[in-house]
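Peer 1: When we follow my numbering, the leftmost residue of the sequence shown carries the number 13, and every step to the right adds one.
Just so you know, not all the hints are guaranteed correct.
List time: in silico SDA-like cross-link candidates among lysine to any residue, alpha-carbon distance up to 20 Å [said to hold, decoys possible]: (1) 385 x 369; (2) 41 x 320; (3) 385 x 336; (4) 99 x 267; (5) 385 x 338; (6) 99 x 311; (7) 99 x 43; (8) 385 x 315; (9) 99 x 158; (10) 385 x 293; (11) 385 x 283; (12) 41 x 355; (13) 385 x 267; (14) 99 x 169; (15) 41 x 344; (16) 385 x 110; (17) 385 x 324; (18) 385 x 43; (19) 385 x 318; (20) 385 x 307; (21) 385 x 365; (22) 385 x 31; (23) 41 x 31; (24) 385 x 325; (25) 41 x 29.
Derived by calculation from the structure, the hints in this document are not laboratory data. Treat the numbers as computed from the prediction; the structure is a model and nothing was measured.
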Amino acid sequence: MSLNSLAAIPPYVFYELDARRNRQRAAGKPLIDVGIGSPDGPIPDVVIEAMQRTAADRSLSGYPYFRAHPAYTAAVSTYLNARFDVKVDPVAELLALAGSKEGIAELILSHTNPGDVVLVPEVYYPVYARATLLAGAVPVFVPFLPDGRLDLDAVAPVDLARARVLIVNYPGNPTTSTITLTDYAHLVSFAERHALLLISDLAYSELSFDGYRVPSVLQVPGASRVAVEMHTCSKSFNMAGVRIAFVAGKREAIARLDAYRSNIGYGVSTMAQMAGAAAFTHHEAIVPPIVAEYRARRDALVAAMQAGGWDVQAPQATMYLWLPVPVGFDDWGWVDALMDGPGVVVTPGIAFGDAGRGRFRVSLVQPADVLTKAAAAITSIAAAVPSS
Numbered sequence: 013m014s015l016n017s018l019a020a021i022p023p024y025v026f027y028e029l030d031a032r033r034n035r036q037r038a039a040g041k042p043l044i045d046v047g048i049g050s051p052d053g054p055i056p057d058v059v060i061e062a063m064q065r066t067a068a069d070r071s072l073s074g075y076p077y078f079r080a081h082p083a084y085t086a087a088v089s090t091y092l093n094a095r096f097d098v099k100v101d102p103v104a105e106l107l108a109l110a111g112s113k114e115g116i117a118e119l120i121l122s123h124t125n126p127g128d129v130v131l132v133p134e135v136y137y138p139v140y141a142r143a144t145l146l147a148g149a150v151p152v153f154v155p156f157l158p159d160g161r162l163d164l165d166a167v168a169p170v171d172l173a174r175a176r177v178l179i180v181n182y183p184g185n186p187t188t189s190t191i192t193l194t195d196y197a198h199l200v201s202f203a204e205r206h207a208l209l210l211i212s213d214l215a216y217s218e219l220s221f222d223g224y225r226v227p228s229v230l231q232v233p234g235a236s237r238v239a240v241e242m243h244t245c246s247k248s249f250n251m252a253g254v255r256i257a258f259v260a261g262k263r264e265a266i267a268r269l270d271a272y273r274s275n276i277g278y279g280v281s282t283m284a285q286m287a288g289a290a291a292f293t294h295h296e297a298i299v300p301p302i303v304a305e306y307r308a309r310r311d312a313l314v315a316a317m318q319a320g321g322w323d324v325q326a327p328q329a330t331m332y333l334w335l336p337v338p339v340g341f342d343d344w345g346w347v348d349a350l351m352d353g354p355g356v357v358v359t360p361g362i363a364f365g366d367a368g369r370g371r372f373r374v375s376l377v378q379p380a381d382v383l384t385k386a387a388a389a390i391t392s393i394a395a396a397v398p399s400s
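Please construct the entire structure, taking both the sequences and the accompanying hints into account.
Peer 2: Now the structure itself:
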């Protein structure tokens, strides 16, 4: 990375949102913050107990393993097999990460050269494009089809010839789009034909509702020849502050990522890994009540939005609603109207790329009664604006 590549990155929208929120709080205004996607639930007790044991174990006070602690890879391997019927080599096909955001960035940085192309969904989690720019590579944004699949046929041949990486994110943040195994099989085939590393960002693997079960790309036969998948404890286990995740899949990509990471760091905190091991070991007990809480929040928010006259459909997955900005507002104008008026904080769609313009994201990070109040405020502000 050069200073020029850092300078080429546009200002981070979330910094601006944070600055506006802080100004309101400094002025003494109470806010309902449904902007940031940070879980508000407690870290599970079994995870806290694992961290406490690790902190007290003097044998674990040295540097962590470069790749991963064996207890962590054992727990992760068991989880992948139980949850997805996916078998991986815990030594060659797994790597611990201090959060999936870091891992995605490092995969891009370790697999691209200046001038290479990274294929990114047109509405995207910011690190996909920002890490690409840091690498001196070029993000090429792939449009969505109406059903939420990527329109890979829209990628220009000249861009495809230079492409090295394809990133997908299902269930999608912020779009909430879901995927089937058949769709994943098409992505794997596309990556094979064009010699791409397929990165699947599965941050919301457990947050699904109404009978929908999130699949893994690694369930596709032969996927590990071209694909890696990022899993994290942040959302599904209320552990965003612990910073523990893993990547699984193509062993050559894992080895390359490990070589890159070993030159700039020294593995992932052993305490975080033991916390993650506890979470994945006990996922069948931990996840259902967390999902039930998000489902109740989703239902309350959707019902309140519908009662306010909005045509809102309940998403099958994630912890968000992805909604259109009302007529009469631009993205920041809408954010300011909500913050200056009823004191509701939402995320503008342009935080997720230019194709997100004209939409906004609401996060299910408040209790159901608070989300109902937020919905009432949102719909009342929109209704107060004369239609053009």
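Peer 1: State for each hint whether it applies.
Peer 2: The hints, checked one at a time:
A threshold of 20 Å between alpha carbons decides the hint, and for residue 385 with residue 369 the separation of about 25 Å lies outside it, so the pair is violated. A hinted pair counts as satisfied when its Cα atoms are at most 20 Å apart, and residue 41 with residue 320 does not qualify at roughly 24 Å. Between residue 385 and residue 336, the direct Cα distance comes to roughly 19 Å. Compliance with the 20 Å bound is thereby established for this hinted pair. Proximity of residue 99 to residue 267 is assessed by CA-CA distance (about 18 Å); at most 20 Å being required, the pair is judged to hold.
Of the pairs offered as hints, the one joining residue 385 and residue 338 holds, with about 18 Å between alpha carbons and a cut-off of 20 Å not exceeded. Of the supplied pair hints, the one linking residue 99 and residue 311 is violated, its CA atoms being roughly 35 Å apart against a limit of 20 Å. A distance of roughly 46 Å separates the Cα atoms of residue 99 and residue 43; the hinted pair therefore is violated under the 20 Å criterion. Proposed proximity of residue 385 and residue 315 is supported: the alpha carbons are some 12 Å apart, at most 20 Å.
For the suggested pair residue 99 and residue 158, the alpha carbons sit about 33 Å apart, so the restraint of at most 20 Å is broken. Our distance criterion of 20 Å between C-alpha atoms is broken by residue 385 and residue 293, whose separation comes to about 37 Å. Note on residue 385 and residue 283: the hinted pairing is violated, with a Cα-Cα distance of about 39 Å set against a maximum of 20 Å. Distance restraint check for residue 41 and residue 355: the Cα-Cα separation of roughly 7 Å lies within the 20 Å cut-off, and the hinted pair is therefore satisfied.
This hinted pair does not check out: residue 385 and residue 267 have alpha carbons roughly 49 Å apart, beyond 20 Å. A hinted pair counts as satisfied when its Cα atoms are at most 20 Å apart, and residue 99 with residue 169 does not qualify at roughly 35 Å. At most 20 Å may separate the alpha-carbon atoms for a hinted pair to count; residue 41 and residue 344 meet this at roughly 19 Å. Distance hint between residue 385 and residue 110 is unfulfilled; the C-alpha atoms sit about 35 Å from each other, more than 20 Å.
The hinted pair formed by residue 385 and residue 324 meets the criterion: a straight-line CA distance of about 16 Å does not exceed 20 Å. For the suggested pair residue 385 and residue 43, the alpha carbons sit about 11 Å apart, so the restraint of at most 20 Å is met. Proximity of residue 385 to residue 318 is assessed by CA-CA distance (about 13 Å); at most 20 Å being required, the pair is judged to hold. Among the hinted pairs, residue 385 with residue 307 is consistent with the structure: their alpha-carbon atoms are about 17 Å apart, no more than 20 Å.
Between residue 385 and residue 365 the CA atoms are separated by roughly 29 Å; this puts the pair beyond 20 Å, and the hint is violated. For the given pair, residue 385 sits about 24 Å from residue 31 by alpha-carbon distance, which is inconsistent with the 20 Å threshold. A C-alpha spacing of about 14 Å is found between residue 41 and residue 31, which places the hinted pair at or below 20 Å, so the restraint holds. For a cut-off of 20 Å, the pair hint linking residue 385 to residue 325 stands: about 18 Å separates their Cα positions.
Proximity of residue 41 to residue 29 is assessed by CA-CA distance (about 15 Å); at most 20 Å being required, the pair is judged to hold.
Of the hints listed earlier, those the structure fails to meet are numbers 1, 2, 6, 7, 9, 10, 11, 13, 14, 16, 21 and 22, in rising order.
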